[in-house]
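Chemist: Quick note: the sequence shown uses the UniProt record's numbering, first residue 1, plus one each step.
Think of the hints as simulated: they come from the structure by calculation, not from any bench.
Honestly, I wouldn't trust all of these hints.
[As the list claims (entries may be wrong)] Restraint-style ranges between C-beta atoms, simulated for each label pair:
| no. | residue 1 | residue 2 | range |
| --- | --- | --- | --- |
| 1 | 43 | 166 | 33 to 43 Å |
| 2 | 49 | 70 | 33 to 43 Å |
| 3 | 70 | 137 | 15 to 25 Å |
| 4 | 128 | 162 | 15 to 25 Å |
| 5 | 60 | 152 | 33 to 43 Å |
Positions of the beta carbon are idealized from the N, C-alpha and C atoms, including for glycine.
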Amino acid sequence: MRKWGRCPRRPFRAPPPGYLWKRKRELAVTPDALSTLHARAFTTPRPWSAEEFAGWLADPLTFLLVEGDAGFLLGRAVAGEAELLTVAVAPEARGRGLGQRLVSRFLYQARLRGAEVAFLEVAEDNGPARAVYSRAGFAESGRRRGYYRTPQGQAVDALVLRRVLTDGAGTGST
1 MRKWGRCPRR PFRAPPPGYL WKRKRELAVT PDALSTLHAR AFTTPRPWSA
51 EEFAGWLADP LTFLLVEGDA GFLLGRAVAG EAELLTVAVA PEARGRGLGQ
101 RLVSRFLYQA RLRGAEVAFL EVAEDNGPAR AVYSRAGFAE SGRRRGYYRT
151 PQGQAVDALV LRRVLTDGAG TGST
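Working from the sequences, and respecting the hints, build out all of it.
Modeler: This is how it looks when you write it as structure tokens:
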């Protein structure tokens, strides 16, 4: 005869590497919401449209890291390289380490996806972003002269930053 009562508890299993915990409100991220936050975070270069975000999100090599309504990072990994496409932090959420957390999560996800090097570009006059990237171990590897334009029409260089994600033994470095 079968006994009714409590079921035996199953041990908790950690999620597989690469699994991203999402809060309910993060599951409703839309290209429109990303575009709105991007516009609040940027004037130079121009903010991305909802259509541009929809295109990136449809790409299976692209991944999105979200921090509630406060910020997000869009990246991709392919052929051993990871590119940080854009990161946006709401003006009221700045100065709290959110950008640093998103970049750290990006580097972790890049390694999980087999990237050996990560790169990005940043406007030369974006001091706060450059500081975040420097603390994360990125170094300048190139420059695109006059790549961006300010709303006043002034040319701003883009700095290409790079970080190696593996040591000589092929293991991830921190």
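Chemist: For each hint given before, does the structure comply? Return the numbers of the non-compliant ones in rising order.
Modeler: 2
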